[in-house]
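Peer 1: Listed here are the chains, written in short residue letters.
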Amino acid sequence: MVWVKIRNFQSIMFRSLPLFIAALLFLGCTLSLNASSTSSGTAPTPTLEQRAAYADAERNNTDPSTTGIPPMASPAHTSWMMVSAALVLFMTIPGLVLFYGGLVRQKNVLSMAALCLGITALVAMIWWAVGYSLVFGRSFAAEGASGFAHAASPFLGGTEFFFLRNVGVAPNTDYAFWIPQSVFCVFQLTFAIITPVLIFGASAERMKFTSVIVFAFLWFFLVYIPLTHMVWGATGLMNGVWNPKAAVPAIDFAGGMVVEMACGWSALVLCLILGKRRGYGREPMMPHSMVLASVGTGVLWIGWYGFNAGSALAADGIAANAFLTTTLAGAAASFVWPLLEFLQRGKPSVLGFCSGAVAGLVGITPACGFVDAGGAVIVGAAAGVISYVACTTLKRALKYDDTLDVFGVHGVSGTVGLILTGVLATSVTNPNLLGAAASSNGLKAALEGHTLWLVQLKAIGITLLLLIPATLLITLVVRALVGLRPGGEIESQGLDIHDHGEEGYTMNG
Amino acid sequence: MKKIEAIIKPFKIEEVKAALSEMGIEGMTVTEVKGFGRQKGHTEIYRGSEYTVDFLPKIKLEVVLADNAVEGAIKAIVDAAKTGKIGDGKVFVLPVENAIRIRTGETGDQAV
Numbered sequence: 018m019v020w021v022k023i024r025n026f027q028s029i030m031f032r033s034l035p036l037f038i039a040a041l042l043f044l045g046c047t048l049s050l051n052a053s054s055t056s057s058g059t060a061p062t063p064t065l066e067q068r069a070a071y072a073d074a075e076r077n078n079t080d081p082s083t084t085g086i087p088p089m090a091s092p093a094h095t096s097w098m099m100v101s102a103a104l105v106l107f108m109t110i111p112g113l114v115l116f117y118g119g120l121v122r123q124k125n126v127l128s129m130a131a132l133c134l135g136i137t138a139l140v141a142m143i144w145w146a147v148g149y150s151l152v153f154g155r156s157f158a159a160e161g162a163s164g165f166a167h168a169a170s171p172f173l174g175g176t177e178f179f180f181l182r183n184v185g186v187a188p189n190t191d192y193a194f195w196i197p198q199s200v201f202c203v204f205q206l207t208f209a210i211i212t213p214v215l216i217f218g219a220s221a222e223r224m225k226f227t228s229v230i231v232f233a234f235l236w237f238f239l240v241y242i243p244l245t246h247m248v249w250g251a252t253g254l255m256n257g258v259w260n261p262k263a264a265v266p267a268i269d270f271a272g273g274m275v276v277e278m279a280c281g282w283s284a285l286v287l288c289l290i291l292g293k294r295r296g297y298g299r300e301p302m303m304p305h306s307m308v309l310a311s312v313g314t315g316v317l318w319i320g321w322y323g324f325n326a327g328s329a330l331a332a333d334g335i336a337a338n339a340f341l342t343t344t345l346a347g348a349a350a351s352f353v354w355p356l357l358e359f360l361q362r363g364k365p366s367v368l369g370f371c372s373g374a375v376a377g378l379v380g381i382t383p384a385c386g387f388v389d390a391g392g393a394v395i396v397g398a399a400a401g402v403i404s405y406v407a408c409t410t411l412k413r414a415l416k417y418d419d420t421l422d423v424f425g426v427h428g429v430s431g432t433v434g435l436i437l438t439g440v441l442a443t444s445v446t447n448p449n450l451l452g453a454a455a456s457s458n459g460l461k462a463a464l465e466g467h468t469l470w471l472v473q474l475k476a477i478g479i480t481l482l483l484l485i486p487a488t489l490l491i492t493l494v495v496r497a498l499v500g501l502r503p504g505g506e507i508e509s510q511g512l513d514i515h516d517h518g519e520e521g522y523t524m525n526g
Numbered sequence: 002m003k004k005i006e007a008i009i010k011p012f013k014i015e016e017v018k019a020a021l022s023e024m025g026i027e028g029m030t031v032t033e034v035k036g037f038g039r040q041k042g043h044t045e046i047y048r049g050s051e052y053t054v055d056f057l058p059k060i061k062l063e064v065v066l067a068d069n070a071v072e073g074a075i076k077a078i079v080d081a082a083k084t085g086k087i088g089d090g091k092v093f094v095l096p097v098e099n100a101i102r103i104r105t106g107e108t109g110d111q112a113v
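From first to last, the protein sequence lines are chains A and B.
Heads up: the first sequence is residues 18 to 526, going by our numbering.
Heads up: the second sequence is residues 2 to 113, going by our numbering.
Chain A on its own, in the form it takes in the complex:
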């Protein structure tokens, strides 16, 4: 009986889904049409001094409001941020299509492509409707908002940008003085896309596409939205650099918590509940194309410049530093991982170079805008060594089947990077660590007292407290609603034919 009920629920859900989406689209378009455009009014002609101060503010990526000239997007900063947003999307499509697709067996290559493309589309729709606003709005913290909204404001943003109302060329100065809010919104969207995609490397080759999509939908609301607001939202709980009222003044430049810890630890929970692939440990489960995987690694590394240097939200000195530190950390880990293989086994593998590069880039993600070149090499080397041990020794000892080592690479190196950021961050690299917000929320004091790593540990603890129970709940709900695995025969045949009715490689050419 219970089963019947669940099946009914499932069919009702899928039948009413198109109607729901249509209603959502209609509502959204209506709201967008009614959105008021900001009128600038007639301001007096600025003086030469005002213009010079304004130009300085643009060059230094600082607040231009004191000059009396209304803020406008800067072509220089904007062009870098549009390129960055495209680079980060390039990491998912085709970066992860190639990297994940190459690492699975031939019969499942399209299942990886499908989830990269499917989640890109799904998350973009959620982002437009409510996602962006719930992360980067601030109406819950506004004067006159209810007590409940106020209590929620460290965890959720607000409702003012639903359906991207008022998200246009005017900068949102909560985040960036010199780029259109629309560009900021797209840039952040590309992070929101890649994070859930990464999780499904752990469940690769054995999770149904329907289950992937339902999981991604629920996970986005329960984990990504609150966590990202907590770390990067203007009123976020753990936004040490920008929120003067942050209770835990932690620092995460480009997504050590938001992206790497989030996908890595959720991946571990998911693959533990999912169980091992059929024949795991008995049948050979080798990457079907190390060529695709190594090309994908290159795409990821290049895309990471948008990810890390773009996270400065401007083409400024902090971005330039992040560009350098990203390169060094990726290189350090890409050197260390195959070196360990060489010492242990006598052969440095191509997958070792690839895995090391990704681990180093993951490790430097929270640190890239806060540490200097030397710090980057330390972070990269540490990430390379620790992820190597996690993927080889730890995984074998604990006997879990994390297909593409999402936990071992992203979860482990992300966490290591966050702790090392607390140790190696320097205000010489990033003066914002001593800014107004940092002075009032305790970040400056923690930095100067060398206790920032303790704050980072606290933030890691809070992140895990959200991630683990939420992912556990979501996995169990998805299992009850639509099931997780496709069943034995289908798993042996591969997901491509069953879930998508296609094959990656066909004979007749």
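Don't take every hint at face value.
EDC-like, lysine to aspartate or glutamate: derived pairs with alpha carbons at most 16 Å apart [to be verified]:
(1) B/K4 / B/E72
(2) B/K3 / B/E98
(3) B/K18 / B/E98
(4) A/K124 / A/E519
(5) A/K364 / B/E98
(6) A/K416 / B/E51
(7) A/K364 / B/E51
(8) B/K91 / B/D80
(9) A/K412 / B/E51
(10) B/K76 / B/D55
(11) A/K124 / A/E520
(12) A/K124 / A/D389
It is worth saying that the hints were derived from the structure and are not from the lab.
Here the structure is a predicted model, which is why all the values come from computation and not from measurement.
Please arrange chain B on chain A, whose structure you already have, making use of the hints.
Peer 2: Then chain B, alone, in the frame of chain A:
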């Protein structure tokens, strides 16, 4: 008529082809295959997961000849494909009932 099926090391195919061409054999079919005999496979390691690969890549060469050409062809293949190390492969000889050239309809020895 006989069919010769030879399983050889992939890097030897050009030498074998040259040897057969030299004795006037004008056609053959070649397939990339995998298999194993006495030669052991090797291990591959991907992030610490170790797999034994038993099936090694080989080339299967098939050629159908008139009876009088068979001995010479076998010798040419064996001489060209031999390295003296384990894994050099094998040659099989099978009887063939008939052969038909599709374009002309010729049969038997004329067709091969």
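Peer 1: Against this structure, judge whether each hint is valid.
Peer 2: Cross-check of the supplied hints:
no., hint, result
1, B/K4 / B/E72, "holds (12 Å)"
2, B/K3 / B/E98, "holds (8 Å)"
3, B/K18 / B/E98, "violated (25 Å)"
4, A/K124 / A/E519, "holds (10 Å)"
5, A/K364 / B/E98, "violated (51 Å)"
6, A/K416 / B/E51, "holds (14 Å)"
7, A/K364 / B/E51, "holds (13 Å)"
8, B/K91 / B/D80, "holds (12 Å)"
9, A/K412 / B/E51, "holds (13 Å)"
10, B/K76 / B/D55, "violated (29 Å)"
11, A/K124 / A/E520, "holds (7 Å)"
12, A/K124 / A/D389, "violated (44 Å)"
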